[in-house]
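There are 2 protein chains.
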Amino acid sequence: MNRDLIVALSGGIGGAKLALGLSRVLPPENVLIVANVGDDFEHLGLHVSPDIDTLLYTLAGLDHPVQGWGRADETWHFMETLRALGGADWFALGDRDLAIHIERTHRLRQGHSLSQITADFARRLGVAPRILPVSDDPVRTRLQTAEGWLPFQEYFVHQRCAPVVQGFAYDGAAQARAQPAVMAALRDPRLRAVVICPSNPYLSIDPMLAIPEFREAIAQCKAPVIAVSPIIGGRAVKGPTAKLMDELGLDPSSQAIGQHYGDLIDVLVIDPVDETGTALGIQMVVAPTLMKTLADREALARVVLRAV
Amino acid sequence: MNRDLIVALSGGIGGAKLALGLSRVLPPENVLIVANVGDDFEHLGLHVSPDIDTLLYTLAGLDHPVQGWGRADETWHFMETLRALGGADWFALGDRDLAIHIERTHRLRQGHSLSQITADFARRLGVAPRILPVSDDPVRTRLQTAEGWLPFQEYFVHQRCAPVVQGFAYDGAAQARAQPAVMAALRDPRLRAVVICPSNPYLSIDPMLAIPEFREAIAQCKAPVIAVSPIIGGRAVKGPTAKLMDELGLDPSSQAIGQHYGDLIDVLVIDPVDETGTALGIQMVVAPTLMKTLADREALARVVLRAV
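Protein chains in written order, with this note's numbering: chain A, 11 to 318; chain B, 11 to 318.
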């Protein structure tokens, strides 16, 4: 029996980079990427799945090299015109990017599931590893802030993560059914490891773990669970992870990330700059976690696989 | 009392050109353009109103100078990407044009009426004359063809007017309420004339006249009703008018256009090349009706106003 199957939990860009690395150092058919859907929302009548799209674009080599979302070869004529017509312009929708939202929304209304649609888009874009939304049921992250509860995109994009955060809710998670193919993979005797990618624990990973049967399946799975810390030297590479931790009264450190996941993980991969932190009851692997180049992504993927 | 109000019935590009001419030779606030909605349809989950958009773009000076639909300054990145994702690509949606469909659909779902939305778009695009959809209720043209009944856009765009047409249906027209502001204008003592623009009688004007109270109001109105023939020398400037007439067993002539409108009109404006046709019981005004330039549009508008 080859234990060659990797299940990787990913949010947006940070997770997508490691997912790309894993799918390049392994046969891509052995990599199953589980995508957060807590950021999904309806905007201008379109169903937008930001993390799935970042994964699709990153794995298809279409991702924007700097901004961390959207496509490299993008134009903005729709947005300019929408603004002239008085439309809501706080969420940027590129001309090419629009196609994925319109076609996905259309297929959802026709009764296709988010996972079916994602699989078809992946095939058409030439993405080899499987990308599966953690659930085909809606899970929606909300943030409790000093200004009251905010939907995820209102906080993240519209208010640019400015409000001070006190807590989180993952609406629908308690009732959501985890993706059957993901559940099967977690029970598969070929499972070699579960990798929690360096995504925001509160906004990218916890919305998935809030689905009871999914969390339970990870807790029960026989393969090791390896998390890669999204914190390097007290800061997140991208996004509000460190700011959030600070607001929650936590030290923004890889150690605190380890404590957050607790018993769920067996290994935490941290950057050398964080090596001086206090030891936890978790095995630590120290390796560079900043992924600037494709070689960095592959190198970190190899570190993760060696840690198994 | 100034009799200075003109009500102009228009389909797409042919009608829009004369509507533009009228709104340039008259104070634009005296021109009320009534737009066909029989071409409207839902595509990829978006409500598309082709004739309203052609009017908006033409009157805002944004129209494509040759193709007769869409915008001059258009790009096609959405379409390219949609095709790559396996989406339906038979109806061309430009990147800028998409904004009007998405924003309109969004506002319709929020409960705004088509006429409110059109008025706001017109204001934002700097269009001075009023453009009103003939009804805020759905009217949908279907064509009876040798291949069975086809929705308008299936016939017009997808099958490029190839099927042989035997008849028409205007679904919803019998139940539709005509636009109250249009009805008021037709009863307004300031009404100087009703102009039936050189649009396709079967596909652009009849879907409006199929609304009983609207047809009745035109038949009863005290001002003259002046139609401009869309046929010049046995051919339509744009679109399938002549082909349709031929398939319906009619001579594709301005005379046949006059017979089609019959008692509803008082004057028919025809091109000099059609002057040799048989006289009808309708007053004929002979003037060049081909509108290639802005000057042509203004000149034809003046001809129409003189014919009053």
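Because the hints were derived from the structure by calculation, they are not lab data.
Glycine included, each C-beta is placed from N, C-alpha and C at the ideal position.
Any given hint could turn out to be false.
Listed next, with one range per pair, are the computed distances between beta-carbon atoms [said to hold, decoys possible]:
hint: 1; chain 1: B; residue 1: Asp130; chain 2: A; residue 2: Gln185; range: 51 to 61 Å
hint: 2; chain 1: B; residue 1: Gly291; chain 2: A; residue 2: Arg119; range: 20 to 30 Å
hint: 3; chain 1: B; residue 1: Asp83; chain 2: A; residue 2: Gln230; range: 32 to 42 Å
hint: 4; chain 1: B; residue 1: Leu260; chain 2: A; residue 2: Ala102; range: 45 to 55 Å
hint: 5; chain 1: A; residue 1: Gly158; chain 2: B; residue 2: Cys171; range: 27 to 37 Å
hint: 6; chain 1: A; residue 1: Asp130; chain 2: B; residue 2: Leu258; range: 53 to 63 Å
hint: 7; chain 1: B; residue 1: Gly136; chain 2: A; residue 2: Pro38; range: 20 to 30 Å
hint: 8; chain 1: B; residue 1: Ser123; chain 2: A; residue 2: Pro37; range: 48 to 58 Å
Computed far set for chain A versus chain B, every beta-carbon distance over 10 Å [what the hints assert, rightly or not]:
hint: 9; residue: Gly121
hint: 10; residue: Leu135
hint: 11; residue: Ala156
hint: 12; residue: Arg170
hint: 13; residue: Phe178
hint: 14; residue: Arg187
hint: 15; residue: Arg200
hint: 16; residue: Arg225
hint: 17; residue: Cys231
hint: 18; residue: Ala246
hint: 19; residue: Val247
hint: 20; residue: Leu274
hint: 21; residue: Gly291
hint: 22; residue: Ala317
Hint check:
{"no.": "1", "hint": "B/Asp130 / A/Gln185: 51 to 61 Å", "verdict": "violated (39 Å)"}
{"no.": "2", "hint": "B/Gly291 / A/Arg119: 20 to 30 Å", "verdict": "violated (52 Å)"}
{"no.": "3", "hint": "B/Asp83 / A/Gln230: 32 to 42 Å", "verdict": "violated (58 Å)"}
{"no.": "4", "hint": "B/Leu260 / A/Ala102: 45 to 55 Å", "verdict": "holds (52 Å)"}
{"no.": "5", "hint": "A/Gly158 / B/Cys171: 27 to 37 Å", "verdict": "violated (56 Å)"}
{"no.": "6", "hint": "A/Asp130 / B/Leu258: 53 to 63 Å", "verdict": "violated (43 Å)"}
{"no.": "7", "hint": "B/Gly136 / A/Pro38: 20 to 30 Å", "verdict": "violated (52 Å)"}
{"no.": "8", "hint": "B/Ser123 / A/Pro37: 48 to 58 Å", "verdict": "holds (56 Å)"}
{"no.": "9", "hint": "Gly121", "verdict": "holds (13 Å)"}
{"no.": "10", "hint": "Leu135", "verdict": "violated (7 Å)"}
{"no.": "11", "hint": "Ala156", "verdict": "holds (29 Å)"}
{"no.": "12", "hint": "Arg170", "verdict": "holds (23 Å)"}
{"no.": "13", "hint": "Phe178", "verdict": "holds (28 Å)"}
{"no.": "14", "hint": "Arg187", "verdict": "holds (25 Å)"}
{"no.": "15", "hint": "Arg200", "verdict": "holds (31 Å)"}
{"no.": "16", "hint": "Arg225", "verdict": "holds (33 Å)"}
{"no.": "17", "hint": "Cys231", "verdict": "holds (34 Å)"}
{"no.": "18", "hint": "Ala246", "verdict": "holds (31 Å)"}
{"no.": "19", "hint": "Val247", "verdict": "holds (28 Å)"}
{"no.": "20", "hint": "Leu274", "verdict": "holds (36 Å)"}
{"no.": "21", "hint": "Gly291", "verdict": "holds (47 Å)"}
{"no.": "22", "hint": "Ala317", "verdict": "holds (37 Å)"}
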